[in-house]
Amino acid sequence: MLAQSFSWQVTVIILPLVAALLCFMLPKWGRWLGLVMAFAITGSVIVLAYQVMNQGALRYAVGGWGAPLGIDLYVDGLSLLMLMVVALVGLVVSVYSMAYFKAGKAVHFWPLWMLLWTAMNALFLSADIFNLYVTLELLGLAAVALVALAGGVDALGAAMRYLLVSLLGSLCYLLGVALLYHSFGTVDIALLAERVESTPAVWAAMALMTVGLLFKTALFPLHFWLPPAHASAPAPVSALLSALVVKASFYILLRLWLEVFSQDSTAAAQLLGVLGAAAVLWGGVQALRQTRLKMLIAYSTVSQIGYLFLVFPLASLMAWQAGLYLLLSHALAKAAMFLAAGNILCFGGHDRIADLDRVAQRLPLSLTAFALAGVSSMGLPFSGGFIGKWMLLDAALQSGQWWWVAVIIVGGLLAAAYIFNVIGHSFTRAEISHEAKPVPAIMEWSALVLALAAVLMGLFASWPLAVMDIGAPFGGGGS
Amino acid sequence: METLTLLSWAFDVTLGLTLMWLAWRALASEDLFKGIVLFIAFGLLMALAWVRLDAPDIALAEAAIGAGLTGALLLGALAKLEAGAESRSRRSEILPRPADKTKVFSGLLVFLLLALVVMLVYAIVKLPPLASGLSAQVAENITASGVSNPVTATLLNFRAYDTLLEMAVLLLAVLGIRSLAVVQEPRGREPGAVLDMLSHLLVPLLILVSGYLLWVGSYAAGGAFQAGAVLAATGVLLLLTGWLPGAWFVGWPLRFLLIFGLAVFVAVTLVLQLFGASFLEFPPSLAGSLILLIEVAAALSIGVTLTALFLGGRPQPEPPSSGRAEKRNTSGTQPS
Amino acid sequence: MSSDLFYALTGASLFTLGLYALIKHAHILRKILAINVMGSGVFLLLVALAAGGQQAFDPVPHAMVITGIVVAISATALALALMLRLREASGLAVLPDTSPEELSEQLPEAPSDVASKNNGKNA
Amino acid sequence: MSFTDILTVLLLLAGASFFLAGTVGLLRFPDVYTRLHALTKADNLGLGLMLAGLALQAESWTVVARLLLIWVLILLASSSVAHLVVRTAQQKGIRPWKR
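Same order as they appear, the protein sequences are chains F, R, H and B. With this note's numbering as the guide, the letters of the first sequence map in order to residues -2 to 476. With this note's numbering as the guide, the letters of the second sequence map in order to residues 2 to 337. With this note's numbering as the guide, the letters of the third sequence map in order to residues 41 to 163. With this note's numbering as the guide, the letters of the fourth sequence map in order to residues 4 to 102.
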């Protein structure tokens, strides 16, 4: 009985929620509680992973009601990998935040971050499109509150814009949910996939939900809110937002397109691909033009998000796998970059690229982290980014759509240019001297660990690829 | 009977058109205050529309939360905005015109929105003749849910997980606001004898109404959210009459009340899990009482939370006696 | 056309109207009102479509809308607090009307400095 | 149509006409004081008439009691609000309109 009713899926959602309540209730202990709970959450994700790898995809009926009436939780390879990358990045960022946030801000940071974690875990496990709406709102509001934590006009303005865009996206999504519910009498993804047929309401729902989620994912040209928000947030928050939060709405989009909107939407898929290509190029060019490190990294995110949308027109098994692989390695690399940038900002009090002034000698670990993450972003062998891009190239060639190959290669070159721009400046001596503040070692090591993970993903590629197949989320030509 | 259906048709059309007109006026009016008042009127008429749509539960929630408390929040924010404006009048409140957006842009926007309307209308009109949704499943399982009001059954049993997360959203809003602003002392004015008397009369009555809504929610329109909203109205009324939470209250007791609903919700499900139920599963024999327990805690928390939202920041335990008389202007203190 | 369908179409119109105002108006308070109007439109559509016909009424959309109303007030409250903070810091209750490219050239480490720059530009 | 039905219709119509008068007054009167006067007096009376009309149709005494409670509460609220509005107007120095 206990084995039937108990599930690690629930634990993964409830633990961060309880952690948020505890951190809020006991602010003095907030940091330590947060850290301990971060380890506990990561532990339960590992147990869940073990369970899924042995038993295959799991479905869990909340409240014992089952799909059309109740809400189901569903975990397969796709959601498991998302949970795991959230746990890894989340754990490292938690460790980093122990040193980063001083007492005043820490009181607010920990409960908000634990609620953000709750939202992400709930989102990746949900099989119910209305429940996904609630998790999206939880995620959006938590992210906005975390950005605003930085204070200052830039951060507040960016948070405001982010909030409005996020609400707009949620409402578009909710309108789509309403249309789908009234068409098919259910909000469960699996049941919708069975019942879906091509009607005007489904097309309208697809358009609305896709646009709503694109707003949140910040695909070009809806990316305008992302660079200021991600650049002006506190460093750990930047890392969380860029690495994880934008991927959450992408995950919903992917699920919906794979399961519900899978039939004859090739024209729309081509459009997504074109926007993705534009994002790769535009983001890359803008990143090159930036004078500030955090803005550069934020634009790099705009560019890297573009790659994820190149898989929609290809729509082969290998393309989906490539997209997910790129997503995972980008999550690790981008978190590492923002943490490294946070160290540099903390060290010198600014992040102007031109005045980096021999950071290479003063913060060698952080710069190594940045460089390694950059290697993955560029797609140099044998990093995680390389495997993802290689598979994407292969998928593009196999489907005969060679023009995407050009986009991928030019995007890689742009990435190389803006990364080397930073690294170059970090060796040279700058005119401006500034008083340097010591950076706690734990903050440097945190960034390095994530960067190493991003690179190691390239060396141990077979394992994530095997996990992806559990429950065949992309199987059978994406149905 | 013919005339009656015609009359109700005419009523519905009038109501719908009035809603659109009010929304348009609320959004387009030059004066922000007028816009907010029109928005509150819009919310009240929305409640009427809910009644017409046989949704009394939503009508109550809309009137209390959508029109009442949202209106109070908006007016409170506007008052603070204008209080700040007085002190920095030199930096003119003239808003930058959205004029730099060119005519082409406006035309394109209108075109796109028209396309959106056409798409939506087409989609709605072409919807298949109505599937009955989940009404059959709800009716089948309602006896096992422990309550007889199907909306409450859905909110607190069938889809209780949504409600759990939704309460987390509410808590999140408070956390966000507490991280943004500190309320040193409420903008206390002398309440005057009439308001004082009104609050003395109304507060017990409101608490009674809140309890009634909570109790009645298991079989008729009402429930934790409506009850919580009425409690919050009590809180807002008290704040307006110059009542302050005591210094002893704003520390852990307040934080405890804010999380109380969620904590009880989680604790109940965890305890039940120990006895072999699955997550958020209530055994039918106990479901009624457990749901009531959760609802009482939730209503209390929702009431406190919504009041805290109206307060608009983290209350700071300050010595209340000294600074009362002089009017502080938080937004005007920053030199620039 | 049944009156329920009419309410659904009203909902769709309210959504679009709110969207127009959200894009068109600069003042944040108006944008917040616009978001609320959009939300009301979606809720109306969600319930009105379920009310049609004479079958037993479907409580699930009703529960969803109550959830939605509570989410909406949470978001509104957070947005208003953020607006007041922004106004306190920058003196204006509008979104900083700088493109991201311009923003990058300003320094975040000195908020007051940026504030005066922004205002100089807007006034 | 019974006698009570006719009485109900008459009361409702009378109530509606008071509401109409109150609304016209709200729109046409020159200053805040006279407008309040139109609003509170006419509307309270109109509401009372309407509730009386509805009470005639009530199925039980509890419904009548609830209708009465609604009326009392609205009287209380509207008179208090009218007082507050007038007080604020006076504090702001708005003078009553004189022709």
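None of these hints come from the bench; they were simulated from the model. Please read these numbers as outputs of a predicted model, since none were measured by experiment. Hints may contain errors.
Residues on chain F that point at chain R, a partial pick, calculated with CB under 10 angstroms [to be verified]:
#  : residue
1  : V15
2  : L18
3  : V59
4  : L66
5  : T183
6  : A198
7  : Q358
8  : L362
9  : D391
10 : L394
A virtual CB, placed ideally from N, CA and C, is assigned to each residue, including glycine.
I'd like to know which numbered hints this structure contradicts. Please list them from smallest to largest. 7, 8, 9, 10
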